[in-house]
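There are 2 protein chains.
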Amino acid sequence: MERIPINLLEKAAQIKELWTPKIIARMNDDHFKLARVKGEFVWHSHNDTDEAFLVLQGKLTIQFRDGAVTLEAGELYVVPRGVEHRPVAHQECLILLIEPAGTVNTGEAGGDLTAPADAWI
Amino acid sequence: MERIPINLLEKAAQIKELWTPKIIARMNDDHFKLARVKGEFVWHSHNDTDEAFLVLQGKLTIQFRDGAVTLEAGELYVVPRGVEHRPVAHQECLILLIEPAGTVNTGEAGGDLTAPADAWI
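The listed protein sequences correspond, in order, to chains A and B.
Heads up: the first sequence begins at -10 in the working numbering, then just goes up one per residue.
Heads up: the second sequence begins at -10 in the working numbering, then just goes up one per residue.
One should not assume that every hint holds.
Simulated crosslink set (DSBU-like; lysine-lysine; CA at most 35 Å straight-line) [to be verified]: (1) A:Lys0 - B:Lys48; (2) A:Lys0 - B:Lys0; (3) A:Lys0 - A:Lys48; (4) A:Lys27 - B:Lys0; (5) A:Lys0 - B:Lys27; (6) A:Lys48 - B:Lys27.
Treat the hints as calculated values from the structure; they're not laboratory data.
Build the full structure now, drawing on both the sequences and the hints.
Next comes the structure, spelled out in structure tokens:
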């Protein structure tokens, strides 16, 4: 049986659009998703789940209604369930998201930036 | 409210022992754990869960009874539940594990290399 490592940067090179997370792996009921992001996302929350962000390249600010956290490459943060947040990247940034399968990028907010939650690369 | 990014390498610098995963974050029922590894671990399996390995530094081979996969830095692999495996690192290697809280490093095998499953750094 051939087993193939999942190379994060090789996978990321296949992503052409911003703010469209692509699934690269599944562990139990969770998906690992890569996303290229730049600019301001929408304010949203995920009422049923926490959401883990690991920055691989660039810098990501996650705004909250009462503050913010900025992640550089190699930094992780877990947004608790139900907490409104807005990711913002002043430069293009590559992130790895870990969250339950089916989690929608815009959470409860919806809108134009909503991406399919089942797209693999 | 102050929110602090979790810097993987700064956390890893606090780990002195090999093969002793330390928890750095929780997402829902999963833990993110860092481990420094070198040499050969024990053959084991986790009958109730998959286990995700992300190599941050160095190179890790995961042996299976019918083959192996080698991960370099920036590569991810998910070992399916119930599959016997043995991690081997010829040079010291830093890995990020993502698995359910309470998962024991030696799985069903036990033995001297069994580490506490609830140690945070």
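Evaluated hints:
The hinted pair formed by A:Lys0 and B:Lys48 meets the criterion: a straight-line CA distance of about 19 Å does not exceed 35 Å. Between the alpha carbons of A:Lys0 and B:Lys0 the distance comes to roughly 27 Å, so the proposed pair stays at or under 35 Å and holds. Only pairs whose Cα atoms come within 35 Å are accepted, and A:Lys0 paired with A:Lys48 is accepted, the gap being roughly 19 Å. With a C-alpha separation of about 28 Å, the suggested pairing of A:Lys27 with B:Lys0 holds against the 35 Å cut-off.
Taking the CA atoms of A:Lys0 and B:Lys27, the gap is about 28 Å. The hint holds against a cut of 35 Å. For the suggested pair A:Lys48 and B:Lys27, the alpha carbons sit about 31 Å apart, so the restraint of at most 35 Å is met.
Hint compliance for this structure: no hint is broken.
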